[in-house]
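Based on these hints, arrange chain B on the given structure of chain A.
Sequence lines, in order, name chains A and B. Here the first sequence stands for residues 1 to 139, numbered as in the numbering used here. Here the second sequence stands for residues 1 to 141, numbered as in the numbering used here.
In case anyone wonders, no lab produced these hints; they're calculated from the structure. For every residue, glycine included, the Cβ atom is placed at its ideal position computed from N, Cα and C. Misleading hints may appear alongside valid ones.
Claimed, not checked - Restraint-style ranges between C-beta atoms, simulated for each label pair:
1. A:A81 x B:A130: 25 to 33 Å
2. B:E2 x A:D127: 24 to 32 Å
3. A:A36 x B:W48: 46 to 54 Å
4. B:L62 x A:A36: 46 to 54 Å
5. A:A9 x B:A96: 21 to 29 Å
6. A:A36 x B:G100: 50 to 58 Å
7. A:R48 x B:M1: 23 to 31 Å
8. A:G16 x B:L43: 26 to 34 Å
9. B:P67 x A:G17: 22 to 30 Å
10. A:G136 x B:P68: 26 to 34 Å
This is what each chain is made of:
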Amino acid sequence: MTDLALVAAVLAVAVGGGLLLRRRGGHVVAPAGAPALDAGTRALVAARLAHRWRGAVLLQVTAPGCATCVAARRVLDEVAAGAGAAVLAIDAAEVPVLVSQQRILRAPTTLVLDGVRVRGRVAGVPDAAQLRELVGRLL
Amino acid sequence: MEIDVRGPRVSAAVTCAVLVTAFLTRSAPLLAFQVAVFAVGALAGLRWSPYGNLFRLAKRLLPLGPPPTVEPEAGPRFSQVMGLLVAGGGLVAVAAGAPGLGWGLVLVVVGLSALLAVTGLCVGCEFYAAGVRLRSRGAAT
Numbered sequence: 001m002t003d004l005a006l007v008a009a010v011l012a013v014a015v016g017g018g019l020l021l022r023r024r025g026g027h028v029v030a031p032a033g034a035p036a037l038d039a040g041t042r043a044l045v046a047a048r049l050a051h052r053w054r055g056a057v058l059l060q061v062t063a064p065g066c067a068t069c070v071a072a073r074r075v076l077d078e079v080a081a082g083a084g085a086a087v088l089a090i091d092a093a094e095v096p097v098l099v100s101q102q103r104i105l106r107a108p109t110t111l112v113l114d115g116v117r118v119r120g121r122v123a124g125v126p127d128a129a130q131l132r133e134l135v136g137r138l139l
Numbered sequence: 001m002e003i004d005v006r007g008p009r010v011s012a013a014v015t016c017a018v019l020v021t022a023f024l025t026r027s028a029p030l031l032a033f034q035v036a037v038f039a040v041g042a043l044a045g046l047r048w049s050p051y052g053n054l055f056r057l058a059k060r061l062l063p064l065g066p067p068p069t070v071e072p073e074a075g076p077r078f079s080q081v082m083g084l085l086v087a088g089g090g091l092v093a094v095a096a097g098a099p100g101l102g103w104g105l106v107l108v109v110v111g112l113s114a115l116l117a118v119t120g121l122c123v124g125c126e127f128y129a130a131g132v133r134l135r136s137r138g139a140a141t
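Chain A on its own, in the form it takes in the complex (with noise of 0.2 Å):
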């Protein structure tokens, strides 16, 4: 293989991995049987939104140096201003159990939740389209 072709192979390769990597992160998926959330993550949950918890929330699982988690809240605060919808964000490391419990590898991951039910969740970046119609269905 020429250095020319090789070169435009690992580019596009790379280029063209990370943007289905990308469309993958952002798709909805809907858990089967709407798991509950367990104890802790809903006493913490009440604690921050208070009198805000009434409908759907988007929960923003973030980690430290976590940089698309910035580009994902953008999207989330979008949607939910839209839909009436709170957004709340919280460290993985505040809530290890959700963490294991929903298996959450990745950071930013967002649960939608509908009271204490995880009705979504989505990895990376939202796609706004399919989470807005997901929370429309919700409220």
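Quick look at chain B alone, frame taken from chain A:
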């Protein structure tokens, strides 16, 4: 310290260009230059990053506008460390007479820096975040 999210992407683009040139010309000195650039950012902090400073200069001279968002510097700085290790390893391999391995490692850095420049996806930052999560999980259990 919070940094302009565009900084690491611009630096990655320059890094990619430098390393592609080094690879195509098989220039160990140019590779060594890039390894040194990684070292400065990794060891002294992003404030001293040569390409980062070029970007800051560009912001002063050109109407690039305010940062669209800022991010903590920890992830990108860790990526500089990873770049230093992989590109540095490549340099050592080339110097030790294993150019296949050496330039292969350089191409890995080419791929990852291109990824960051074009898509904003920082693999090093993801590793850093995963490392933090693992440490916190260990502390919690």
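Structure-based check of all given hints:
1. A:A81 x B:A130: 25 to 33 Å: Given about 31 Å between the Cβ atoms, the range holds.
2. B:E2 x A:D127: 24 to 32 Å: Holds, since E2 (chain B) and D127 (chain A) (Cβ atoms, about 27 Å apart) stay within the stated range.
3. A:A36 x B:W48: 46 to 54 Å: 49 Å Cβ-Cβ, so the 46 to 54 Å window holds.
4. B:L62 x A:A36: 46 to 54 Å: holds (53 Å)
5. A:A9 x B:A96: 21 to 29 Å: Holds, since A9 (chain A) and A96 (chain B) (Cβ atoms, about 26 Å apart) stay within the stated range.
6. A:A36 x B:G100: 50 to 58 Å: holds (54 Å)
7. A:R48 x B:M1: 23 to 31 Å: At 27 Å between Cβs, range holds.
8. A:G16 x B:L43: 26 to 34 Å: holds (33 Å)
9. B:P67 x A:G17: 22 to 30 Å: The hint (22 to 30 Å, Cβ to Cβ) holds, given that P67 (chain B) and G17 (chain A) are roughly 27 Å apart.
10. A:G136 x B:P68: 26 to 34 Å: Check passed, 28 Å falls within 26 to 34 Å.
In the structure shown, no violation is registered for any of the earlier numbered hints.
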